[in-house]
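> Here is how the chains run, residue by residue.
Protein chains: 2
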Amino acid sequence: MPHVDFWYDFASPYSYPAAARIADEAAHRGVSVTWRPFLLGPIFNRKGLPTSPLKTDRVKGAYAWRDLGRICARYGLPFAEPPGFPQNSLLAARVALVLDETARPDFTVAVYRAQFGEGKTISEVEVIAGVLAALGHDAALIDRTRDDAIKLALRHQTEHAEALEVFGAPFFITGGGEPFWGHDRMEDALDWATKKG
Amino acid sequence: MPHVDFWYDFASPYSYPAAARIADEAAHRGVSVTWRPFLLGPIFNRKGLPTSPLKTDRVKGAYAWRDLGRICARYGLPFAEPPGFPQNSLLAARVALVLDETARPDFTVAVYRAQFGEGKTISEVEVIAGVLAALGHDAALIDRTRDDAIKLALRHQTEHAEALEVFGAPFFITGGGEPFWGHDRMEDALDWATKKG
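Protein chains in written order, with our numbering: chain A, 1 to 197; chain B, 1 to 197.
Please note that a few of the clues may not be correct.
One copy or any two copies: either way a pair holds, since identical chains are not told apart in the list.
[What the hints assert, rightly or not] Listed next, the in silico EDC-like pairs over lysine to aspartate or glutamate satisfying Cα-Cα at most 16 Å (straight line):
1) Lys151 to Glu126
2) Lys60 to Glu162
3) Lys60 to Glu178
4) Lys195 to Asp143
5) Lys60 to Asp148
6) Lys60 to Glu165
7) Lys196 to Glu178
Since the hints were derived computationally from the structure, they do not count as laboratory data.
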């Protein structure tokens, strides 16, 4: 079966429409998807970049919100500029790794929607607990984000992303190793996987 | 008539497929286009950015060539990674402003093709002279790039771009003032112009 790895950081604005849309677009093409949360911050930092380019360039950042608003309107996704950017995505990423792979997609989409659709702050435990509860999970599983195994799993995901030269999010890598960066390239990545591997 | 301003720097890789494709896509939709060469370098510099992000982030830069190669393949455009990036686009931009608006599009497309399709260095007078000759222009008009009026016209174009918050290239602004950045957004900009102005 054609395959795509979907790499995302929970602070990444353009990962929101990607997360909301990839399951349908992939199913439609018969492509399986592995959802891979990671942290972009450490990757930026190891390159000497202080933070997201959307933060360092004010004009580019303002444009990105306008652009993301247009994209959300096109796909019928709610959009609200969040209170802070980039938000701290550590808690959400660890919870995503506590959940098993079958529960990860719905949780991921719901966290993005809370942040970019409802203007919530995803570093707050209550926000993540609310997302988990709405999906029928026991919010107590947040406690497991303190486990060394979970912390290590996220660190490994991030190191793995960096080794694959993932430099932004969303990022898609096909089964054959072809890299695609950005929500704009999601359909290209899925098509490539079906045709060239 | 719906209108779009097409802002481009001759050093910008993604402006190559945009320049090669915009005339047909605009005509198809009944949109008029004004071709507006400017210089991104001074805009980056005034923000404290030393150069293009594709240059400062080696991994992102390598990806961009791969991505541009895929785009060129899709649209049947020749592609060859140029000897240097970013190239000095001053001469090409000044010549584009020496030419009148009707001659500017073909010259622009040919310069991009020389650089990103044939791997030539567009800061070399012989390369620009060759492009002009192939289009039936007198290469002697290169001498006019030394006129103060041309130098000033390019400076004004760049200041105008900066005032409009053009932060990258290609960049499209519809008659109604809606901004779109990147080759990925070209069709969106043209569609927007026809529907919302």
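> For each hint, tell me whether it holds in the structure or not.
Here's how the hints hold up against the structure:
no.: 1; hint: Lys151 to Glu126; in the structure: neither (20 Å within a copy, 59 Å between copies)
no.: 2; hint: Lys60 to Glu162; in the structure: between (24 Å within a copy, 12 Å between copies)
no.: 3; hint: Lys60 to Glu178; in the structure: between (28 Å within a copy, 14 Å between copies)
no.: 4; hint: Lys195 to Asp143; in the structure: neither (43 Å within a copy, 51 Å between copies)
no.: 5; hint: Lys60 to Asp148; in the structure: neither (38 Å within a copy, 32 Å between copies)
no.: 6; hint: Lys60 to Glu165; in the structure: between (23 Å within a copy, 8 Å between copies)
no.: 7; hint: Lys196 to Glu178; in the structure: within (9 Å within a copy, 37 Å between copies)
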